[in-house]
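Start from the sequences and build out the full structure, keeping to the hints where you can.
In order, the protein sequence lines correspond to chains Y and L. Using the working numbering, you'd call the opening residue of the first sequence number 2 and step up by one each time. Using the working numbering, you'd call the opening residue of the second sequence number 2 and step up by one each time.
It should be emphasised that the hints constitute simulated quantities derived from the structure, not laboratory data. Accuracy of the hints is not assured; some may be wrong.
Which copy is meant is left open, because identical chains are indistinguishable; a pair holds if it fits in one copy or across any two.
Unchecked claim - In silico lysine to aspartate or glutamate, DMTMM-like type, Cα no more than 20 Å apart, as pairs:
#1 Lys-282 to Glu-193
#2 Lys-284 to Asp-194
#3 Lys-284 to Glu-193
#4 Lys-355 to Glu-10
#5 Lys-282 to Glu-191
#6 Lys-147 to Glu-125
Number of protein chains: 2
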Amino acid sequence: MTLSTKLTELLGIDFPIIQAGMAGGTTTPSLVSAVCNAGGLGTLGAGYMSPLQMREAIKEIRQHTNRPFAVNLFIPEPIDEQALSKVQRVNQVMKKFRDQLGIVESQITKFTESFEDQLEVVLEEKVPIFSFTFGIPSTEILQALKRNQTIIIGTATTVNEAIELEARGVDAIVGQGSEAGGHRGTFGGEFEDSLIGTMALIPQMVDHVKVPVIASGGIMDGRGLLASLALGAEGVQMGTAFLTCPESGAHAEHKRAILGSNEQSTVLTRSFSGKPARGIKNKFISEMEQHAEIIPSYPVQNALSKDIRSAAGKQNQTDCMSLWAGQGVRLSKSKTAEEIVRDVVNQTIDLLGKIQSRN
Amino acid sequence: MTLSTKLTELLGIDFPIIQAGMAGGTTTPSLVSAVCNAGGLGTLGAGYMSPLQMREAIKEIRQHTNRPFAVNLFIPEPIDEQALSKVQRVNQVMKKFRDQLGIVESQITKFTESFEDQLEVVLEEKVPIFSFTFGIPSTEILQALKRNQTIIIGTATTVNEAIELEARGVDAIVGQGSEAGGHRGTFGGEFEDSLIGTMALIPQMVDHVKVPVIASGGIMDGRGLLASLALGAEGVQMGTAFLTCPESGAHAEHKRAILGSNEQSTVLTRSFSGKPARGIKNKFISEMEQHAEIIPSYPVQNALSKDIRSAAGKQNQTDCMSLWAGQGVRLSKSKTAEEIVRDVVNQTIDLLGKIQSRN
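Below is the structure:
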């Protein structure tokens, strides 16, 4: 049994399991290559990486695996004037956290890395698979990727977004259900109208596009993979499940928080980045949510809160860290990436046999 | 192939498919008995029915089927003083809708039917299966049901609620994911903390209880049933899928609205009943949500808005009707109950074979 699907054929991998491109240092070259070597698709979450960091990470991934891997980037959004007008007020609210951490407000030199420079690395390195979220790259970029024979995977939270991605020529689509941890990929409307549970989202999406759909959101084990295949997906993307691996670069306290959480622990918040994302509730979220109307939109708030998140990490203060996690969090285990891929595959095959045999 | 599970054995049915006990006239004896005769479990949604109406409906169900059926009731909640203090203000806000419909505020004689009287009918009629939501009945009631050999099914939206239901002796548990249409069954905490997508909820729930778990929320076809079995559920409960059947008593405009909706059409709202419920967005919801803080809690608001919903129904004004629906709504079809049960079963078996054969 190989669990081969249209997705495994498209990507040249053994099992239809993608490790999500979680940004912020979680997806170390060690994690990415371990997933690839186990037969899945590892993804470098490069959204916050400089071009130089990306180049080094890609080099290191290639040193550890000769299998296909993916790089994930964030599609840039224009910086909104209104967001800039909120900077002073939100910094006043965040002063208490900086005081608590013993830091002073950092000078912001840029709100994000340059997407063009990041993309240049993807093109120059001839990355085998490019995945993205928060929007759709320009036609020129998509054409350049295609000339490179890079396989392109977009992210959709609604059927209409999936239809738009397919029309623009992507090779596969991640359908992100409301259970998913981290940032919402919504780009075609309001995020509140795009919180569709994975069970409902996937069959509706596969009915409207021809390219393979990859289910994400709440998928943690073989039960989730088999369920996703049943719904019509050609594979799964799992983030939280890989976050607690020893190979993951997530903060030790983040891993601990995940392993101690349950399905009710997470919340959607704009507090950290200005863009809705799912993470484990903490003091920073609960206090900032009281000032929701003055939190600047992404990427402004993301840049502003960076010093706080960074200092909190150094001081092991989970109160002020962004503890991204999905709603499947109670199923988290501390296993290696290889064990996760193997166990998901074995459990899927085992379950399939069990359901089949009792009928 | 029979798709037999622990649930089909427990309930004495052929297929692990339960038609949800939607209240408000949707679950006609004709719908309930058609589902039972097709091999599933039909449920009379009796939450808003008088004891006399219940008795007549049960009699009619028995005239049309000799198979097991279920009756669903709402566990009563104390009427909150604060809710009563909001009556005048919310009626002021709702005046514009009454004016539009050409009606005047009705005199409220009671907020709900008497649960004790409703339950008396369940006991006297020796209903084969009793399901409930919004809480847990008293131990005396549970014991009386057990003495009657009535099988008892509770509703949980979190793992902790499922654990509590099992400890109190229920025979099976509906795990209600955030995709589900109609009222949230949350009773063990805040509803905002209990909106777990079905894909994430079911495996976490089955890991913590021994009784069969029934998946609900976003399940519309064989893909949803097979996915639910993969997640560890022993069956599914489907509401929206049966609402558009010709046998359903839902308003023709409600059915039409469902058949014309997509996965982004629904929203959770307290507007109609004071308790969060998922339905298709309309003018009543959008206007009332602007006054969310003065909407009395359930069952007060439910009683207050009844005249508006009733007049809107008579006048075919979907603007003021409660158009309950789940997030799987784009998959709705206008098929008979028998066709739905048969198609779900055949699709499930077919899918299972397809997934198996390609491996």
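Okay, the hints, checked on the actual structure:
Within a single copy, Lys-282 and Glu-193 get their C-alpha atoms as close as 19 Å, and across copies as close as 13 Å, so both meet the 20 Å cut-off. In this assembly of identical chains, the alpha carbons of Lys-284 and Asp-194 lie at most 20 Å apart only when taken from different copies (16 Å versus 27 Å within one copy). Taking the shortest alpha-carbon separations for Lys-284 and Glu-193, only the inter-copy value of 17 Å comes in at or below 20 Å, while the best intra-copy value is 23 Å. Only between protomers do Lys-355 and Glu-10 lie at most 20 Å apart by alpha-carbon distance; the minimum there is 17 Å, versus 26 Å within a single protomer.
Taking the shortest Cα distances, Lys-282 and Glu-191 sit within 20 Å of each other only across copies (14 Å), while inside one copy they are farther apart (22 Å). For the identical chains of this complex, Lys-147 and Glu-125 are intra-copy neighbours only, at 13 Å inside a copy versus 71 Å across copies, given an alpha-carbon limit of 20 Å.
The structure is consistent with each of the numbered hints, conforming to all of them.
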